[in-house]
Each structure stands twice: as C-alpha cells, then as structure tokens.
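Number of protein chains: 2
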Amino acid sequence: MESTARSRARICRGCWDQMHVPIPIRGPLALPFRAFGITRSKMNPNICTICERSFRYVKKQRHISATATILFADIRGFTVLSERMDPVILSEIVSVFQDRCAQAVWAHDGIVNKQMGDGLMAIFNFPIKIKHHADAAVAAALDIQRSCTSALKSLELRVDKPSDDALGVGVGVHTGQVEIGEFSTFRSDFTAIGSAVNLAARLESQAAAGEILVSVEAAAQAPELMAGTQTRAFRLKGIEHPVLAQVLFKS
Amino acid sequence: MESTARSRARICRGCWDQMHVPIPIRGPLALPFRAFGITRSKMNPNICTICERSFRYVKKQRHISATATILFADIRGFTVLSERMDPVILSEIVSVFQDRCAQAVWAHDGIVNKQMGDGLMAIFNFPIKIKHHADAAVAAALDIQRSCTSALKSLELRVDKPSDDALGVGVGVHTGQVEIGEFSTFRSDFTAIGSAVNLAARLESQAAAGEILVSVEAAAQAPELMAGTQTRAFRLKGIEHPVLAQVLFKS
Numbered sequence: 014m015e016s017t018a019r020s021r022a023r024i025c026r027g028c029w030d031q032m033h034v035p036i037p038i039r040g041p042l043a044l045p046f047r048a049f050g051i052t053r054s055k056m057n058p059n060i061c062t063i064c065e066r067s068f069r070y071v072k073k074q075r076h077i078s079a080t081a082t083i084l085f086a087d088i089r090g091f092t093v094l095s096e097r098m099d100p101v102i103l104s105e106i107v108s109v110f111q112d113r114c115a116q117a118v119w120a121h122d123g124i125v126n127k128q129m130g131d132g133l134m135a136i137f138n139f140p141i142k143i144k145h146h147a148d149a150a151v152a153a154a155l156d157i158q159r160s161c162t163s164a165l166k167s168l169e170l171r172v173d174k175p176s177d178d179a180l181g182v183g184v185g186v187h188t189g190q191v192e193i194g195e196f197s198t199f200r201s202d203f204t205a206i207g208s209a210v211n212l213a214a215r216l217e218s219q220a221a222a223g224e225i226l227v228s229v230e231a232a233a234q235a236p237e238l239m240a241g242t243q244t245r246a247f248r249l250k251g252i253e254h255p256v257l258a259q260v261l262f263k264s
Numbered sequence: 014m015e016s017t018a019r020s021r022a023r024i025c026r027g028c029w030d031q032m033h034v035p036i037p038i039r040g041p042l043a044l045p046f047r048a049f050g051i052t053r054s055k056m057n058p059n060i061c062t063i064c065e066r067s068f069r070y071v072k073k074q075r076h077i078s079a080t081a082t083i084l085f086a087d088i089r090g091f092t093v094l095s096e097r098m099d100p101v102i103l104s105e106i107v108s109v110f111q112d113r114c115a116q117a118v119w120a121h122d123g124i125v126n127k128q129m130g131d132g133l134m135a136i137f138n139f140p141i142k143i144k145h146h147a148d149a150a151v152a153a154a155l156d157i158q159r160s161c162t163s164a165l166k167s168l169e170l171r172v173d174k175p176s177d178d179a180l181g182v183g184v185g186v187h188t189g190q191v192e193i194g195e196f197s198t199f200r201s202d203f204t205a206i207g208s209a210v211n212l213a214a215r216l217e218s219q220a221a222a223g224e225i226l227v228s229v230e231a232a233a234q235a236p237e238l239m240a241g242t243q244t245r246a247f248r249l250k251g252i253e254h255p256v257l258a259q260v261l262f263k264s
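So the protein sequences, as listed, match chains A and B. Heads up, the first sequence is in our numbering, so the first residue is 14 and it goes up one at a time. Heads up, the second sequence is in our numbering, so the first residue is 14 and it goes up one at a time.
Some hints here could point you the wrong way.
[To be verified] Straight-line Cα separation of at most 25 Å, SDA-like style, residue types lysine to any residue; simulated pairs:
| no. | chain 1 | residue 1 | chain 2 | residue 2 |
| --- | --- | --- | --- | --- |
| 1 | B | Lys127 | A | Arg53 |
| 2 | B | Lys250 | A | Ser218 |
| 3 | B | Lys127 | A | Pro58 |
| 4 | A | Lys73 | A | Met32 |
| 5 | A | Lys55 | B | Ala164 |
| 6 | B | Lys250 | A | Gly223 |
| 7 | B | Lys55 | A | Val71 |
| 8 | A | Lys144 | A | Asp30 |
| 9 | A | Lys127 | B | Lys55 |
| 10 | A | Lys250 | B | Val101 |
| 11 | A | Lys55 | B | Arg200 |
| 12 | B | Lys127 | A | Arg89 |
| 13 | A | Lys127 | B | Pro58 |
| 14 | A | Lys250 | B | Met98 |
| 15 | B | Lys250 | A | Glu169 |
These aren't lab readings, by the way, just hints derived from the structure by calculation.
Could you build the full structure based on these sequences and the hints that come with them?
Here is the structure:
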C-alpha cells in the first residue's frame with residue numbers, strides 16, 4: 014500500500030506513456046488544467062481525465078488491440094448476504110471492499126475500470142505501461158486478499174447474525190489480447206472487451222473465498238509469485254475447452 | 014424511440030424531482046452552468062452531472078433506501094462469440110447494443126447506471142420519479158428487444174462464419190427496495206445495491222435470447238404489458254427460495 018503514497022505522480026502517467034505529453038495533475042502547474050476540467054481520473058489518481066474520457070484523442074482511433082492483464086474481484090456469497098443483512102452494514106461492506114481493492118490496484122499501476130456493486134474489473138498495462146503486467150496484477154490480487162480479509166473480518170463482528178460462511182473475496186486474473194476503447198456513443202470512458210476479458214471474469218466466478226485463480230498464460234509471466242501453486246482445469250460457461258488456471262490462496 | 018426526442022427537458026429532471034431545484038441543461042440558460050462543469054449526464058441526457066456525481070449534495074446522505082425497478086440486459090452467448098469473432102465486428106456489436114439499449118431506457122425515463130462490456134444495468138424511479146416504474150422498465154425491455162433484434166441481425170450478415178445461434182439479448186426486470194448512493198470513497202457516481210438488484214441480475218442471466226424475465230413483483234405492477242404471460246419458477250444462484258418470474262417474448 015505504501016507504494017501508492019510513494020508514487021504520487023506530478024504528471025499524468027497515462028498521457029506520458031501513450032503520447033509523451035506531460036499533463037500536470039499535482040502541484041501549482043495543475044491549477045490551470047483544473048480550470049478546464051482536466052483533473053485526476055477516478056480510475057487511477059496518477060492518470061488524468063484526458064486518458065479516461067478522451068480515448069479517441071489519445072489514440073487517434075476508436076479502439077485498439079493491446080496485450081493487457083485483466084483482474085476481476087468480487088465478494089463471495091454477496092447475493093446470499095444481501096438477502097439477510099441490514100442495508101447499512103451491506104453498504105459499508107461494499108464501500109470497504111471497493112476502497113481496499115482500488116488501493117491495491119493503484120499500488121501496482123493498474124486502473125479500476127469498472128465497479129459494479131460488489132465487484133470490479135481492473136486493467137493492467139493501459140494507459141500506464143507496465144513491463145511485467147501479469148506480475149503486477151497478481152501482486153495486486155494478493156494485496157486485495159490481504160487487506161480485504163482483515164477489513165471484512167472486523168465488519169463481520171458487527172453483524173448480528175453472521176452467516177455460517179465467513180465473508181471473503183474471489184479474484185480471477187488473465188493475460189491476453191483485448192480491444193480497448195470506447196464502445197458506446199454516449200459514454201466516453203474507455204473499457205476493454207474481448208474473449209480475454211470474459212475469461213478473466215469467468216475465472217473469478219469460479220474462485221472460492223480467499224482464492225485467486227490465475228490463468229496459465231498469466232501465471233507464466235508471474236513465475237515468482239506463482240511458484241509452487243497447483244494447476245487445475247476449469248469448465249467455464251461459454252468457453253468450449255477446459256481452461257487451465259493456477260490457484261493461489263491468500264497467505 | 015420518438016419519446017426521447019419529444020422529451021428533451023430544458024431543466025434537469027432529476028434535480029427537479031429530488032430537490033425542486035431548476036438546473037438548466039439545454040438552451041442559453043445552460044451555458045453558465047456548463048462553464049462550471051455542470052452538463053448533461055451520460056446516464057440520461059435529461060438529468061445533469063449534479064444528480065450523477067453529487068448524490069450526497071442532492072440527498073444530504075451517503076445513501077437512501079428507495080423502491081425502484083432494476084433492469085439488466087446482455088448479449089446472449091457473447092463469450093462464445095468473442096472467442097470466434099473478429100474484434101472489429103465484436104466492437105461494433107457492443108456499440109450497437111449499448112446505444113440501442115440506452116435509447117430504449119431513456120425513452121422511458123430510466124437511467125443507464127452501469128455498462129459492462131456486453132451488459133448494462135438500468136434504474137427506473139431514481140433520480141427521475143416515475144409513477145409506474147415497473148411498467149416503464151418492461152416497456153423499455155420490449156423496446157430493447159425490438160431494436161436490438163433488427164440491428165444485430167444486420168450485423169450478423171457481415172460476420173464471415175456466423176455461429177449456429179442467432180445473436181440475441183436477454184433481459185431481467187425486478188422491482189423492490191434498493192440502497193441508492195455512493196459506495197466508494199473515490200468514485201462519486203451513484204449506484205444501487207441490495208438483494209433486489211442481485212435478483213434482477215440473476216433473472217437476466219437465466220433469460221434466453223429474445224426473452225424478458227420479469228419477477229412476479231414487477232409483473233404485478235405492469236399488468237397490461239404482462240397480460241397472458243406464463244409464470245415459471247427459477248432456481249437462482251445465491252437465492253434460497255425458487256423465484257417466480259413471468260416470461261415475455263419479443264414480438
């Protein structure tokens with residue numbers, strides 16, 4: 014988590030990596046930009062709203078093909094929980110989860126591209142370029158598990174009737190070719206689509222509480238973190254062949 | 014679709030319904046507001062960015078409990094498609110789907126709260142108040158099916174190797190108590206969470222191409238549109254009891 018504090022960029026790292034244009038996002042030089050609505054992005058505080066909302070300006074195309082690592086995370090058994098739990102506690106659980114996950118993703122230069130209730134999707138290697146993006150995503154996944162486990166445990170103590178299962182998070186990670194860009198005329202924030210994105214989402218849906226499922230493609234690029242992990246074959250909805258993934262448990 | 018054109022509001026309908034404050038969003042009076050970054054929301058062009066991003070200012074709370082109708086839609090078999098299809102065509106399919114769905118949701122005063130790849134979540138009855146919100150959502154679902162079917166059919170003709178299954182959309186609709194507000198410290202756009210949201214999402218996941226699954230709770234409030242439809246029981250992931258829903262096929 015310290016690395017977030019360490020790496021408070023003065024210029025937008027996305028605009029720099031993608032266009033070699035220095036856009037100030039902190040300090041006095043950022044003030045005139047702020048007057049034009051150019052501020053830090055909600056996807057990652059080290060990139061700016063130009064990266065976030067002006068994909069066509071940044072890449073001169075509506076979308077591009079790129080290699081990236083995609084991470085999905087969500088709270089296991091949230092549907093069951095949401096039926097039994099007080100909405101105020103439920104809201105707090107979601108907030109804590111989303112905030113801890115974002116910190117973990119940002120600490121490794123990823124962006125929180127989508128948040129949907131008790132889940133999120135993060136992209137590593139766009140717009141901030143990361144040499145070892147699979148490595149970064151797996152490290153973020155480990156941080157997510159560590160920091161959510163302790164935070165959720167303390168929230169659980171405040172629940173009147175805790176369910177039999179402890180609160181936990183499932184994570185899926187996959188590396189591959191994705192399409193990045195704008196896929197809607199009326200929304201200008203970019204996203205990633207394609208089979209690699211779906212595979213990461215499907216892996217996440219198979220991860221038990223505390224588990225991180227890393228596709229063999231991603232694991233091969235994060236050998237140190239994945240050392241000694243078990244490989245399992247998964248049958249995933251909508252994917253013809255069984256998918257091999259390595260299972261990482263939170264420490 | 015005409016109703017979108019008909020109802021180009023001059024003042025933000027969300028701010029009016031929630032606070033009785035007139036915020037100009039079209040015409041010359043909107044210009045000074047635009048200078049302060051207050052523009053039309055991407056969730057619905059008849060509401061403004063105050064509704065979208067300043068929930069705490071609008072409602073004086075971080076979140077509220079409200080009755081609303083939630084609609085989920087996505088492209089059936091998209092994972093299978095995305096494995097076989099050219100990324101450019103795939104991108105076009107997603108864009109067409111997202112745009113047609115948004116038009117349908119807006120035509121009935123709903124908001125497109127989340128877009129995630131080939132899926133979306135819409136809310137009816139917040140921030141624009143709708144007397145018959147279940148009715149509005151079912152009407153939007155019918156519009157989605159009508160307009161996506163024709164649009165996707167024409168795209169399919171351009172695919173080299175069409176899969177056996179025709180492209181189609183599945184929709185789920187449920188009415189209930191939800192928590193609406195901000196559930197993340199670093200993102201200020203509001204969303205809805207709670208068991209009613211999950212139930213709508215689970216129903217959508219069970220809808221076949223061309224189908225709209227409407228929970229009996231929502232159907233009871235849209236009797237005209239749901240007349241003569243069949244009721245089926247569904248076992249949904251994470252939900253203990255079987256859920257009764259009525260099945261509406263696209264015309």
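Verification of the hints:
no.: 1; hint: Lys127/B <-> Arg53/A; verdict: holds (21 Å)
no.: 2; hint: Lys250/B <-> Ser218/A; verdict: holds (12 Å)
no.: 3; hint: Lys127/B <-> Pro58/A; verdict: holds (21 Å)
no.: 4; hint: Lys73/A <-> Met32/A; verdict: holds (10 Å)
no.: 5; hint: Lys55/A <-> Ala164/B; verdict: violated (33 Å)
no.: 6; hint: Lys250/B <-> Gly223/A; verdict: holds (19 Å)
no.: 7; hint: Lys55/B <-> Val71/A; verdict: holds (20 Å)
no.: 8; hint: Lys144/A <-> Asp30/A; verdict: holds (12 Å)
no.: 9; hint: Lys127/A <-> Lys55/B; verdict: holds (15 Å)
no.: 10; hint: Lys250/A <-> Val101/B; verdict: holds (23 Å)
no.: 11; hint: Lys55/A <-> Arg200/B; verdict: holds (6 Å)
no.: 12; hint: Lys127/B <-> Arg89/A; verdict: holds (21 Å)
no.: 13; hint: Lys127/A <-> Pro58/B; verdict: holds (21 Å)
no.: 14; hint: Lys250/A <-> Met98/B; verdict: holds (17 Å)
no.: 15; hint: Lys250/B <-> Glu169/A; verdict: holds (22 Å)
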